[in-house]
Amino acid sequence: MTTWIDASCIFIVFLSLGILATYRIVGIIKIFAAQSFVLGLVLIFLHAHNLSTRDIVISLGTMGLKGVLVPYILFWAIRHVSMRSEIKPVIGFGTSIVSGALLIAGAFWISLSLKLPGKPVSDLILPCSLATVLLGFMIMVTRTRAVTQVLGYLIMENGIFLFALSLFDVMPAMIELGILLDIFVAVFIMAIIVNNINEEFEQAPASVSRSKMGETF
Amino acid sequence: MLSILIMIPFFCALCAFLPLTKQFRYKLFFVVSLIHATIVLLFWQHLPSPEFNGFLELDQLGLIVLSIISVLYLFVSVFMAGYFEHEQRSNRTVTACLLALLSTMTLASASRHMGLSWVAVETSTLFSAPLISFHRNQESLEATWKYLLICSVGIALALMGTFFLAIAAHDVHTLLLPTLLNNASSLSVNWLKLSVIFLLVGYGCKMGLAPTHSWKPEAYGQATGMVAVLMAGAVTQCSFLALMRVGQICSKTGLTDFYSSILILTGLLSLGVAAIFILSERNIKRAFAYSSIEHMGLLVLGLGLGGVGVFGAVFHMINNALAKVIMFLTAGSIAQKYGSSRVDEVRGVIHVYPVTGMFLIVALLAGTGMFPFATFHSELMILNAAVISKHYILCVFAVVCLGLMFIGMARIILDVVFGQPTQPVLAKKENFFMNFPIGIAALLLIGLGLWVPTFLEKVIRHAALLTGF
Numbered sequence: 093m094t095t096w097i098d099a100s101c102i103f104i105v106f107l108s109l110g111i112l113a114t115y116r117i118v119g120i121i122k123i124f125a126a127q128s129f130v131l132g133l134v135l136i137f138l139h140a141h142n143l144s145t146r147d148i149v150i151s152l153g154t155m156g157l158k159g160v161l162v163p164y165i166l167f168w169a170i171r172h173v174s175m176r177s178e179i180k181p182v183i184g185f186g187t188s189i190v191s192g193a194l195l196i197a198g199a200f201w202i203s204l205s206l207k208l209p210g211k212p213v214s215d216l217i218l219p220c221s222l223a224t225v226l227l228g229f230m231i232m233v234t235r236t237r238a239v240t241q242v243l244g245y246l247i248m249e250n251g252i253f254l255f256a257l258s259l260f261d262v263m264p265a266m267i268e269l270g271i272l273l274d275i276f277v278a279v280f281i282m283a284i285i286v287n288n289i290n291e292e293f294e295q296a297p298a299s300v301s302r303s304k305m306g307e308t309f
Numbered sequence: 003m004l005s006i007l008i009m010i011p012f013f014c015a016l017c018a019f020l021p022l023t024k025q026f027r028y029k030l031f032f033v034v035s036l037i038h039a040t041i042v043l044l045f046w047q048h049l050p051s052p053e054f055n056g057f058l059e060l061d062q063l064g065l066i067v068l069s070i071i072s073v074l075y076l077f078v079s080v081f082m083a084g085y086f087e088h089e090q091r092s093n094r095t096v097t098a099c100l101l102a103l104l105s106t107m108t109l110a111s112a113s114r115h116m117g118l119s120w121v122a123v124e125t126s127t128l129f130s131a132p133l134i135s136f137h138r139n140q141e142s143l144e145a146t147w148k149y150l151l152i153c154s155v156g157i158a159l160a161l162m163g164t165f166f167l168a169i170a171a172h173d174v175h176t177l178l179l180p181t182l183l184n185n186a187s188s189l190s191v192n193w194l195k196l197s198v199i200f201l202l203v204g205y206g207c208k209m210g211l212a213p214t215h216s217w218k219p220e221a222y223g224q225a226t227g228m229v230a231v232l233m234a235g236a237v238t239q240c241s242f243l244a245l246m247r248v249g250q251i252c253s254k255t256g257l258t259d260f261y262s263s264i265l266i267l268t269g270l271l272s273l274g275v276a277a278i279f280i281l282s283e284r285n286i287k288r289a290f291a292y293s294s295i296e297h298m299g300l301l302v303l304g305l306g307l308g309g310v311g312v313f314g315a316v317f318h319m320i321n322n323a324l325a326k327v328i329m330f331l332t333a334g335s336i337a338q339k340y341g342s343s344r345v346d347e348v349r350g351v352i353h354v355y356p357v358t359g360m361f362l363i364v365a366l367l368a369g370t371g372m373f374p375f376a377t378f379h380s381e382l383m384i385l386n387a388a389v390i391s392k393h394y395i396l397c398v399f400a401v402v403c404l405g406l407m408f409i410g411m412a413r414i415i416l417d418v419v420f421g422q423p424t425q426p427v428l429a430k431k432e433n434f435f436m437n438f439p440i441g442i443a444a445l446l447l448i449g450l451g452l453w454v455p456t457f458l459e460k461v462i463r464h465a466a467l468l469t470g471f
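Residue numbers (the working numbering), protein chains in the order written: chain A, 93 to 309; chain B, 3 to 471.
Think of the hints as simulated: they come from the structure by calculation, not from any bench.
Among the hints, erroneous ones may be present.
[To be verified] Okay, the calculated beta carbon distance ranges per label pair:
1) A:Arg116 x B:Leu458: 44 to 50 Å
2) A:Val160 x B:Phe260: 26 to 32 Å
3) B:Gly341 x A:Ile189: 45 to 51 Å
4) B:Arg284 x A:Val149: 29 to 35 Å
5) B:Val402 x A:Leu273: 43 to 49 Å
These numbers come from a predicted model, not from an experiment.
C-beta: ideal position from N, C-alpha, C; glycine also.
Could you build the full structure based on these sequences and the hints that come with them?
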């Protein structure tokens, strides 16, 4: 099973790196959905030897909420937006991929000095989750569209969740589900505000808001 | 009892979404606030018994935070009666979100599990976001977006800190606070240090401590006065409560020096940032937001200094909340009368609205910690703690910052109150329901400044001892 866990972890980091190279918002949302599915699978792989109902519930919860519902809500939020690709990212795509690779290297280097107590199932979980968190951060700060920033936040959250999977026994299932639900509600509210922003700024006279539309939203 | 206290506002929040009249929603809000306050008053006689295997339990610290929340809701619910008389917009989202916020904040103050606390604080962030964009214009949407994004990232870091804490508590197998405190010796110190840093950054971001304070002036500047009161007086206190819980764990594991040094540093940074930025501010609400950053800085400074400083910090939580009622409700009442809170458009308030003008002066004195307001005493205790612990330079720096804050606030407020009168755009009369809660809060703050009742002092002392600093 360890091979499968390792493979999924690396796949998750690859998908985050893939988002750095994608500039169509629809594509980014799809990659995020794929990443969330893999995240749900990691949980199954981790507990494959004695799978309990609780593992299945949380795994299905992750896949259902993050893999299906959240992408659906984000598609709803941008349904009226005509400009569906990233405009003027703070740094170019080539540079961002190179910096992303550096961040991944950094994450692996940091995790060398962090020692998890007990016997970890896979050595890759910690560095991969750190790398995903850092890449999510980077997407948030270098992209200019509101939806892409939400996606950066979600990628970061996926990284934190991957980390949480390795210490499942400390958190009660209710809290774990509460965290999942919170993230879902967060995206829901963010999507409503993105929707309001789109409506408000598309009605506004061009001279007032044109510069802002490119920069912030 | 605790779970009932959490569920009542939550179900009423769901009810508020039904197609009801404005009046009915308002009455619902008032009744829920009243019930909440009554139950909390009962808790002062007997602390409620633990529920859900000890996940929900109220100690003295939680009781103080819960009482602050309850009192602020009572004030706001009276103010709301006057505010919505002149407001054309529907109060559906506002009432529903305010009630949901009450429910999550009650959960945050009663939670004894670090994971559950995180869930509660995060949910309170989410329900306060739609409240900021009440006016639905470009500026308020931008402020909401900034608030939501910065606080979500901050809170995500706090989640990571909570997970690091879970690793540190690998041998204890739970994040329940009493169990953690009893088995403090078996916590892994290195992971705990990492976790403390992440938790401080995360919850500090939610409190509005520098350098993650940038959402505060935007959010408080755009939110209506009532919402700003609840955010500055109650939501921030829930995060501070989480920081005090972290302090409890640190004091049991011998990390007091480590934690207090970061707290002092963040506190000083917040004081300095607030003092510098307020000097060039020309908007009443935004100036009050900088004052809130300053007060949050004072709170963590008090906690970091320990001893009498912790007593001062817990006392300051109460005083800060009351001062914020005076400040933001007055600012909200002015913003509704003039349609703006910028100094250039609002001048000579005392000539047109004598009572509101007087309240602005009171807000200036209460917010900057002048005698006889109780903020004076709690700030003095925190400074006293600095002197006792021989941090003389720190004390001088704090006094200079407080002085600059006074200059910055006085410049704006005196201009607004006594300047050449401008014509109020919306020209409404003074409203009793809007002035009444401000007056009561001012009287309470003066009362606490002159005399602290024995029972209150006992609870504050007990709460301060709980932190172990």
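### Index of numbered hints that the structure contradicts, given in increasing order
Numbers 1, 2 and 4 - these are the hints that the structure violates, sorted from lowest upward.
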